[in-house]
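Chemist: For the record, the sequence lines run as chains L, E and R.
Here the working numbering is used: the first residue of the first sequence is 1, the next is one more, and so on.
Here the working numbering is used: the first residue of the second sequence is 1001, the next is one more, and so on.
Here the working numbering is used: the first residue of the third sequence is 2001, the next is one more, and so on.
The set of hints was computed from the structure by calculation and includes no laboratory data.
Please note that the accuracy of each hint is not assured.
To be verified - Cross-link-like lysine-lysine pairs, in silico, DSSO-like; alpha carbons within 30 Å at most:
#1 K2087/R / K1017/E
#2 K2081/R / K2016/R
#3 K1015/E / K2146/R
#4 K2146/R / K2043/R
#5 K89/L / K1015/E
#6 K1089/E / K2016/R
#7 K1015/E / K2240/R
Claimed, not checked - Residues of chain R placed beyond 10 Å of chain L at every Cβ, according to the derived structure:
#8 Q2006
#9 P2014
#10 E2031
#11 D2047
#12 V2163
#13 L2166
#14 D2167
#15 D2237
Stated by the list, open to error - Restraint ranges, calculated between C-beta atoms of paired labels, are given here:
#16 A109/L / C2061/R: 30 to 38 Å
#17 D2192/R / A1059/E: 28 to 36 Å
#18 A109/L / E2017/R: 54 to 62 Å
#19 T1011/E / P2097/R: 38 to 46 Å
#20 D2192/R / K89/L: 24 to 32 Å
#21 D2192/R / V1066/E: 49 to 57 Å
#22 I1074/E / T52/L: 13 to 21 Å
#23 K89/L / T2049/R: 58 to 66 Å
#24 I108/L / E2132/R: 53 to 61 Å
#25 I108/L / I1071/E: 24 to 32 Å
#26 T2021/R / A1067/E: 27 to 35 Å
C-beta atoms are modelled at their ideal positions from N, C-alpha and C, and glycine is treated no differently.
Residue strings, one per chain:
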Amino acid sequence: MAKSNEPIWWSLFSAGGMVAAMIFPILIIITGILVPFGLASDDPLNFERIHTAVTQNNYVKLIFFIVITLPLFHWAHRFRFTLVDVGLKSMSTLISILCYGGAIAGTIASAIVFWNI
Amino acid sequence: MSTYHRPVSNTWWLKRKTYILFMIRELTSVFVAGYCIFLLVLVYKLTQGADAYGDFMAALKSPISVALHLITLIFVLYHTITWFNLTPKILVLYRGEERIPQGLVAGTFYVGWVVVSVIVAWLVLGA
Amino acid sequence: MAETMQLEIFRYRPEKESEPTFQTFEVPFREDWVVLDAINHIKDEIDGTLSYRWSCQMGVCGSCGMMINNVPKLSCAVFLKDYYPDKIRIEPLTGFPVERDLIFEMDDFMTKLTDIQPYIIRKEGEERSLEEGEYIQSPAELAHFKQYSMCINCMLCYAACPVYALDSTFAGPAAIALGQRYNMDSRDQGRDARQEVIASHDGIWECTFVGECSAVCPKHVDPAAAIQRAKVSSTVDWFKDVLIPWGKKK
């Protein structure tokens, strides 16, 4: 019996949290340290290579899309509760709309960008 | 005769170290979202052509970009570690009467993390 | 020269003050004394008006919970020597209204315990009669919920929980852990009945997994884990209801 619709947000939060935990550290190291300092094989993130990889394969687009959007829902759920925890409970409906709305907006923006590659 | 209701301050989390660490853990989500936006911009630049993308990639070498990445990395690593350490609380498994040790559950996630990181690095940098 | 130490204790006497105050007492320092011993000494020798709860003095009754230097603890389990020579600040458990001195109103907690229906619930027609004998349970089945049965209702977890302090409509760690104790008991069939409380907005979904409840629990019940596991099972239920709406309804 569905007593509350929290489960959908909590599922997205959990999935996003797992994606961020597993994949973000290495990605940050790549875009923040390895590539800028030229520590990886010659320019692996160059336009030709990345553009080809993303456009020739829909699975690459899908995975990339998931990696970008799921952690947004992780942020939305967690940040919503953070704001409530620091005493903003009276605004909890507005906070929920802004947080989940923000994640949904980010998801739509991502969908548009990937659609247009 | 009235009962007394003690007021709760909005800075309750500053009062104890465990609460401060909790709040830091919660704030890691902001850095996670920040990196999502970064990745989205990266993909957007791909749609804007080789020049725009190239400029964006060159900007990664700037001190600001490196600094932001490092700060984000610290917070995201804190998320990763606290996340994996909590998995045994959620994933409670029994073999008969014996509970699977919590270290083993968390450890499995850490191993998975290394494997995933190697695969991602290989795919993004090498393959 | 006998050593002493100071206890700064929260006082509230509604018949004579509208705001609480703190009163500092000087007590003898003894190596083997716990905070409760010092408080009993104060009541016996210094100020008989000091009001507080206590009983077993051995950490099984759950009566003597207090904030000791802002951390919820059982006063019978905290040694003076771990704080000596510093002053110890003693207050009633956080999150509860104060009746007098260290005595807080626990009605809300008692209501929550009863609301969770903490007893074996059998489905219609599935009760075993006396002649049929007892419900058989294996050691492995017992192991699944035993931890959650160890709660002594001391309320330290509620005092540690910032969510409860901010909003007392939250069902709270002990009540949910107690619900899980029955949900995971192989003899019980009442999980759906308890979901009214557990899976509601005031139930598990208010919890942000701070984890302090489990950290302060003197019996290692781990209510935080009980709550997170309830989130998982409630989420599975929710998806089943949404994706398989034609499934068997109660």
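Chemist: Determine for every hint whether it applies to the structure shown.
Modeler: Hints versus structure:
Taken as a hint, the K2087/R and K1017/E pair is honoured in the structure, with Cα atoms around 20 Å apart against an allowance of 30 Å. Restraint check: the Cα-Cα separation between K2081/R and K2016/R comes to about 35 Å, which exceeds 30 Å; the hinted pair is violated. At roughly 34 Å between alpha-carbon atoms, K1015/E and K2146/R are farther apart than 30 Å, so this suggested pair is violated. The straight-line distance between the Cα atoms of K2146/R and K2043/R is roughly 38 Å, outside the 30 Å bound, and the hint therefore fails.
Restraint check: the Cα-Cα separation between K89/L and K1015/E comes to about 20 Å, which is no more than 30 Å; the hinted pair holds. At most 30 Å may separate the alpha-carbon atoms for a hinted pair to count; K1089/E and K2016/R exceed this at roughly 48 Å. Under the criterion of a C-alpha separation no larger than 30 Å, the hint pairing K1015/E with K2240/R is inconsistent with the structure, at around 42 Å. The claim that Q2006/R lies off the interface holds: its Cβ sits roughly 33 Å from the closest Cβ of chain L, which is beyond the 10 Å cut-off.
No beta-carbon of chain L is positioned within 10 Å of the beta-carbon of P2014/R; the least distance is around 27 Å. Chain L leaves E2031/R outside its interface by the beta-carbon criterion, the shortest separation being 41 Å against a cut-off of 10 Å. Consistency note on D2047/R: stated as away from chain L, and its beta-carbon is indeed over 10 Å from all of that chain's, at 36 Å minimum. A beta-carbon of chain L comes within 10 Å of the beta-carbon of V2163/R; the shortest separation is about 7 Å.
Taking the minimum C-beta to C-beta distance to chain L, about 6 Å, the non-interface status of L2166/R is violated against the 10 Å cut. The Cβ of D2167/R does not lie farther than 10 Å from every Cβ of chain L; its closest approach is about 6 Å, which violates its non-interface assignment. Residue-level check failed: D2237/R sits 7 Å from the nearest beta carbon of chain L, not beyond 10 Å. For A109/L and C2061/R, the Cβ-Cβ distance of about 58 Å falls outside the hinted range of 30 to 38 Å, so the restraint is violated.
Between D2192/R and A1059/E the beta carbon distance is about 56 Å. The supplied range of 28 to 36 Å is therefore violated. Judged by the Cβ atoms, the range 54 to 62 Å given for A109/L and E2017/R holds: they are separated by roughly 59 Å. At roughly 22 Å, the beta-carbon separation of T1011/E and P2097/R lies outside the given 38 to 46 Å, and the hint is violated. Distance hint for D2192/R and K89/L: a CB-CB separation of about 29 Å, consistent with the stated range 24 to 32 Å.
In this structure the supplied range 49 to 57 Å holds for D2192/R paired with V1066/E, their Cβ-Cβ distance being about 54 Å. Checking the proposed 13 to 21 Å range against I1074/E and T52/L shows it is violated: the Cβ atoms sit about 33 Å from each other. Checking the proposed 58 to 66 Å range against K89/L and T2049/R shows it is violated: the Cβ atoms sit about 37 Å from each other. For I108/L and E2132/R, the hinted distance range of 53 to 61 Å is satisfied, since their beta carbons lie about 60 Å from each other.
A hinted range of 24 to 32 Å for the beta carbons of I108/L and I1071/E is consistent with their spacing of about 28 Å. At about 50 Å, the CB distance of T2021/R to A1067/E disagrees with the hint of 27 to 35 Å.
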